[in-house]
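> Chain by chain, the residues:
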Amino acid sequence: MTLVLFFYFAAVIVATAILVVALHKPIYSALSLLVMFFHVAGLFVLLDAEFIAAVQIIVYAGAILVLYLFVLMLLNVRADEGYHQQFRIGLIVGLAVLVEAIFVLGQSGFADRDPAAVPPAAPVPGNTEGIGRALYTTYLFPFEVASLILLVAMIGAIILAKKGIFGKEERGR
Amino acid sequence: MIQTALNLIVVLVTIGVVMAVVLLHVAYLTYFERKILGWMQDRMGPMEVGYHGLLQPIADGLKLFFKEDIVPAQANKIIFTLAPILVLVPALIGFAVVPFGRDSIHLFGLTFRPYVTDLNIGILYILAFASIGAYGVLLGGWASNNKYSLLGGLRSAAQVISYELSLGLAIVGVLLMAGSLSLVKITEAQNGGALHWFILPQFVAFVIYLISAVAETNRLPFDLPEAESELVAGFFTEYSGMRFAFFFLAEYANMILVSCIATILFLGGWHAPFEALSFIPPILWFAGKVYFFLFFYIWIRGTLPRLRYDQLMMFGWKVMIPLALANILVTSVVLFFIRG
Chain A
1499 MTLVLFFYFA AVIVATAILV VALHKPIYSA LSLLVMFFHV AGLFVLLDAE FIAAVQIIVY
1559 AGAILVLYLF VLMLLNVRAD EGYHQQFRIG LIVGLAVLVE AIFVLGQSGF ADRDPAAVPP
1619 AAPVPGNTEG IGRALYTTYL FPFEVASLIL LVAMIGAIIL AKKGIFGKEE RGR
Chain B
9 MIQTALNLIV VLVTIGVVMA VVLLHVAYLT YFERKILGWM QDRMGPMEVG YHGLLQPIAD
69 GLKLFFKEDI VPAQANKIIF TLAPILVLVP ALIGFAVVPF GRDSIHLFGL TFRPYVTDLN
129 IGILYILAFA SIGAYGVLLG GWASNNKYSL LGGLRSAAQV ISYELSLGLA IVGVLLMAGS
189 LSLVKITEAQ NGGALHWFIL PQFVAFVIYL ISAVAETNRL PFDLPEAESE LVAGFFTEYS
249 GMRFAFFFLA EYANMILVSC IATILFLGGW HAPFEALSFI PPILWFAGKV YFFLFFYIWI
309 RGTLPRLRYD QLMMFGWKVM IPLALANILV TSVVLFFIRG
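For the record, the sequence lines run as chains A and B.
Quick note on our numbering: the first sequence kicks off at 1499 and runs consecutively.
Quick note on our numbering: the second sequence kicks off at 9 and runs consecutively.
Think of the hints as simulated: they come from the structure by calculation, not from any bench.
Glycine included, every Cβ here is placed at the ideal spot set by N, Cα and C.
Misleading hints may appear alongside valid ones.
To be verified - Facing chain A, according to a computed beta carbon distance under 10 angstroms, are these residues of chain B, among others:
(1) Tyr133
(2) Leu135
(3) Ala138
(4) Ala142
(5) Tyr143
(6) Trp150
(7) Pro229
Claimed, not checked - Sample of chain A residues with no beta-carbon within 10 angstroms of chain B, all distances over it, derived:
(8) Ile1525
(9) Leu1529
(10) Leu1532
(11) Ala1551
(12) Phe1568
(13) Arg1586
(14) Ala1632
(15) Leu1638
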């Protein structure tokens, strides 16, 4: 059952991910991206990571993609006439990366690793608690660094959006 | 195998009952609203269909069902059709994690619980699907190919995103106190009378939640996405018949959902306020509290004028969010010192 669901989610993810770049109307691309986010969340649920699944939908589908749609609608982007000129180069590079990925994965021996040999994860009361504990103990430093980077991005966005806020170019209210 | 089938039946029956009850309440909420608004404006409200107009929602439903379905010639047909569904489904799916009462019902050796499922991320689940509702509005407005619809859709999306932030941040205070994301556990954490309800220690969060919830559901005084004096009817200007009914149902279902969440988070869910009053069934307490919030909604609709769009945005970003953040800070510091 889990395996069937996994292949369903994986197939839809691959199909919609291709549609995102292949469809000509930007709105349709955004919609297939939405479907993809949902199926990625489905994969997380299969892995018993409900918290990450919910966060995936809230952050990507609920916030980021809505902003994309917003921009698409405000700019009223026209349907793309066809593939761009760099399509051929992109195809070659993409195929090369695909072959490399298959080669590397084939070498690493994922397939013949015994699932029973993987040590079971330490039991946690629930995956929300588990993530909280891991973030604030083991991964405290990367977590704080990430929050600092986000803060920098936020301040940067404000400064870019409010040009002249520190200069003479004072805007009347 | 038989056990699996029985479990499936239990789940399906529970879902059916919850859906039926919710949709019935949605239908009668429209009646409730028209009656209350009527009385507030010294009118009678609907009186013609049935005793004091009690069958009015059914007549309205039948009328919408038989109306002609019009799709504008210039509209994007796929997305135009998809949008009402994208609005209604998230509004209804949230009820899956709401605990309506305390007691499970035992019938034919099967146990029917008062909720469909107790997810350990219940509140996040509701937030996740609430954020999907914005897509339907945005896409519906865009696909209609009408400038009023597009403006209404854009306004609505901007408003929902802004107020979702303060809504989510207001909830965090409660989550810190309850120590769980599950709505069943949050209800249990408020056991022991009205003094244990989270409305007392989290009053700031309660007020922020109420205001944000009104904005989330696009109700007056935050109903700029459908401001009829400037945008005809906003994002659903071009919709008619059942598609219009879907938007309408979704708005009222969302009202009931945010009222349910407010009841669970701040008013102790199905708990009675005093031990002496616990002879009244928990489910009635729950319904009573939800209807208190629904009345509050209609009450402010009948009282307050509409805000201006820039005032709305300013208020959301510069008042609500800083207040909600301050609430989280204070709550966590206090809890840290109390619990050591």
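> Would you list, in rising numerical order, the hints stated earlier that this structure does not obey?
Going through the list in order, the structure violates hints 7, 8, 9, 10, 11 and 12 and respects the others.
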